[in-house]
Amino acid sequence: MSSASRTTAILSKRLRTSSSRRALSTTSIVQNQSSSTSSSTWTRSLPEGSNPAYDASLIFLAQHSSSLLDKAERLRGQLSSVQDAELKSTVEIALKKTELEARIARPETRWLHENESGGQVAGEAEAGDKEALNVMAERRWRKMGKLDRLMERILTMNVVPDLVALPNPEIDMSVSFPTGSVSEAVPGDYLLPSQTLQQPKISLRAFTNDETEQLYTLVMVDPDLPDTERLSYKEYCHWIVPNIPISRNTTSIPASITASLDYVPPHPSPESPYHRYTLLLLRQPTPTLSSSDKEKGDKLDSSATTAFLPTTPQDRSNFNLREWMVENNFSTSPSDASSVKGIFMFREGGKGFGQKVGYKRTSKEWKEEERVVDGVWKEVWGRERAVYEKSPKEERFGYPVKY
1 MSSASRTTAI LSKRLRTSSS RRALSTTSIV QNQSSSTSSS TWTRSLPEGS NPAYDASLIF
61 LAQHSSSLLD KAERLRGQLS SVQDAELKST VEIALKKTEL EARIARPETR WLHENESGGQ
121 VAGEAEAGDK EALNVMAERR WRKMGKLDRL MERILTMNVV PDLVALPNPE IDMSVSFPTG
181 SVSEAVPGDY LLPSQTLQQP KISLRAFTND ETEQLYTLVM VDPDLPDTER LSYKEYCHWI
241 VPNIPISRNT TSIPASITAS LDYVPPHPSP ESPYHRYTLL LLRQPTPTLS SSDKEKGDKL
301 DSSATTAFLP TTPQDRSNFN LREWMVENNF STSPSDASSV KGIFMFREGG KGFGQKVGYK
361 RTSKEWKEEE RVVDGVWKEV WGRERAVYEK SPKEERFGYP VKY
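Position 196 (the sequence shown) corresponds to 196 in the UniProt record's numbering; numbering is contiguous.
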């Protein structure tokens, strides 16, 4: 038997003998292939002995996991003798972290992480593996560029501060338009009106180990609707979906969730600059106690959220996201973005028709996109599409034509 096989066999034996000591057993951290849902799928990429480096890496992972299990056993032994509550809590946290890292060190868990899609595998994995996969997914999201690219786009394109204060996203939100052949949109990318006629599919990955569902509201806003009266821009509300339950196991918005404000497709005029269509996932406020409940001594769960229907704008074209968030208790002030747990933006319009795929104004494709926009304008506004042009210089710069 090779050294790699011996190490794996010894490790599996140690894990099997420890199963009777606790409910979340060390055995469940590294099991042999016949009893683990995750490891039954994983197999060696190379035959044993064909690549010494690969064999050595498996030995290293097995030994690393074994050392973490040794550490976990020592910490578990300390728990029984610790009397101080604060110290006991510290040891419990260290024990949980060590067990988690032992799971992450397993080749089986790493294989699951590399092959899961949108949290689907994590949702089907056993409880301990779910937690490990969630931690690995968050590390990849935060450290491998996806979150950095998202924040770079919303900052350089001035979504912050034009629309909302600087958020601290905690949920990975991916946007796709399956009917428009957009499998996964890139933050800040140009899309075409014909691609976004149907509401998007929202994929979610909440980086929490809490399986209790919290409620969120999804809002889609365009901050770049031309305001001809003020020679500026105003916000247009495209979509509001409240009471979306999200937990560690959530991968998408349930089909049973009903929008309080139906989706209106983007319909940018090609004469206007590009529009920054922004989707925000807002954590709903915690419930409040009445004065009579307080007198009774009732207490609230500060981590809970409450179901409610936020106000919907009577005029979509006069929407103000910051004021709406304050009005519905999503934030305490216009500069508060603490409830924004997910954010995404894409662009359309202006030079976007051509910048996306090289269309020219005289091309058949450009005319087709204009027809799509014209159709939405007639359906939503009940009139022909607005045609914009630059205002006279004296209006833009505020000085008279003649002195």
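There's no promise every hint is true.
[What the hints assert, rightly or not] Below, simulated DSSO-like cross-link-like pairs (lysine-lysine); rule was C-alpha separation at most 27 Å, straight line:
#1 Lys390 / Lys378
#2 Lys390 / Lys351
#3 Lys393 / Lys351
#4 Lys146 / Lys71
#5 Lys143 / Lys88
#6 Lys97 / Lys130
#7 Lys201 / Lys71
#8 Lys360 / Lys378
#9 Lys88 / Lys146
#10 Lys378 / Lys393
#11 Lys378 / Lys351
#12 Lys367 / Lys390
#13 Lys130 / Lys234
#14 Lys143 / Lys234
#15 Lys351 / Lys364
#16 Lys393 / Lys364
#17 Lys143 / Lys97
#18 Lys390 / Lys364
#19 Lys234 / Lys351
#20 Lys367 / Lys393
#21 Lys130 / Lys146
#22 Lys360 / Lys390
#23 Lys71 / Lys234
#24 Lys378 / Lys367
Quick caveat, the hints were computed from the structure, so don't treat them as lab data.
Flag every earlier hint the structure violates by its number, smallest first. 4, 5, 7, 9, 10, 13, 14, 16, 20 and 23
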